[in-house]
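Residue strings, one per chain:
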Amino acid sequence: MESVGSIIVYTIITLAIVVCSVLAVTTRKILRAATYLLFALFATAALYFKLDYEFLGAVQIAVYAGGIVVLFVFSILLTSQPGDNSAKLASKKRALGFIGALSMLLVAGYSLVSRASFLTATASGDNPVMKEIGTALMGTGHGEYLLPFEAISVLLLACIIGGVVIARKR
Amino acid sequence: MELTMIYYLIPSLIMFCCGVYGFITRRNMIAILISLELMLNAVDINFVVFNRFLFPGEMEGMFFTLFAIGLAAAETALAIAIIINVFRVSNSIDVRDVNKMKH
Numbered sequence: 001m002e003s004v005g006s007i008i009v010y011t012i013i014t015l016a017i018v019v020c021s022v023l024a025v026t027t028r029k030i031l032r033a034a035t036y037l038l039f040a041l042f043a044t045a046a047l048y049f050k051l052d053y054e055f056l057g058a059v060q061i062a063v064y065a066g067g068i069v070v071l072f073v074f075s076i077l078l079t080s081q082p083g084d085n086s087a088k089l090a091s092k093k094r095a096l097g098f099i100g101a102l103s104m105l106l107v108a109g110y111s112l113v114s115r116a117s118f119l120t121a122t123a124s125g126d127n128p129v130m131k132e133i134g135t136a137l138m139g140t141g142h143g144e145y146l147l148p149f150e151a152i153s154v155l156l157l158a159c160i161i162g163g164v165v166i167a168r169k170r
Numbered sequence: 001m002e003l004t005m006i007y008y009l010i011p012s013l014i015m016f017c018c019g020v021y022g023f024i025t026r027r028n029m030i031a032i033l034i035s036l037e038l039m040l041n042a043v044d045i046n047f048v049v050f051n052r053f054l055f056p057g058e059m060e061g062m063f064f065t066l067f068a069i070g071l072a073a074a075e076t077a078l079a080i081a082i083i084i085n086v087f088r089v090s091n092s093i094d095v096r097d098v099n100k101m102k103h
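First to last, the protein sequences are chains E and X. FYI, the numbering used here numbers position 37 of the first sequence as 37, with every residue one higher than the one before it. FYI, the numbering used here numbers position 103 of the second sequence as 103, with every residue one higher than the one before it.
Only chain E is shown next, with the shape it has when bound in the complex (with noise of 0.2 Å):
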């Protein structure tokens, strides 16, 4: 049995999991797109403190709010006139759009819901401590990640070679 609380604070973030997400795609100017992005990502930051991931909202808030909204922010700003709209839809590709997210979302649902039934496991286990969390990013033995993280590493570096070469005035 969930706590009151815990159920008044899993409902306000869904909540802003779902008017952020369909405002950051219905909205017509670009710039309140990618802040009501910002605050969905905020959202679903709380959703992993919530589920007592802490390194990962960290990160989520560290990398994805902090990093990337601030790349769409200045390339935003960088690429139209603050206040001008997108250009109005035409209804059939607006329908089209709609029919498409609106059928998946349909089966999709449907197919959970009706194993609800199913998926009755309640959350458990406690938040993995940092140590835990920087053996298993640094060691090499079963279920460690060294290798992906190394690979990461110079993915990250080709990245920043790629957006200086792309970006750079010739």
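The hints are simulated quantities; they were obtained by calculation from the structure and are not laboratory data. Quantities reported herein were computed from a predicted structural model and do not represent experimental measurements. Some hints could be false.
To be verified - Listed next, with one range per pair, are the computed distances between beta-carbon atoms:
hint, chain 1, residue 1, chain 2, residue 2, range
1, X, Asn99, E, Ile8, 43 to 53 Å
2, E, Lys93, X, Arg88, 57 to 67 Å
3, E, Ser117, X, Phe55, 15 to 25 Å
Quick reminder that beta carbons are idealized off the backbone N, C-alpha and C, glycines included.
Dock chain X against chain E, hints included.
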């Protein structure tokens, strides 16, 4: 009321479908990228929820999400570099205007 897995999977599904809708209908390249971030984020939520509810004590889902966040950051930075370069060449980031490679 017990908060089982389905209560976390449904919001993530709604977030993913919003991303699909935006990806199909948007014309601005940065808006398309924003929709893409929404989809990636919904998938990350799913990994964490499955990890917490089905395999408590393991950390696989959490690490998958961690690496996915790193990949998303790299991908976004590179995509924005490309978008700014496209803007410099054709003075617009509307996907309908990006057809110079055809001719």
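How the hints compare with the structure:
no.: 1; hint: X:Asn99 x E:Ile8: 43 to 53 Å; result: 51 Å, holds
no.: 2; hint: E:Lys93 x X:Arg88: 57 to 67 Å; result: 28 Å, violated
no.: 3; hint: E:Ser117 x X:Phe55: 15 to 25 Å; result: 20 Å, holds
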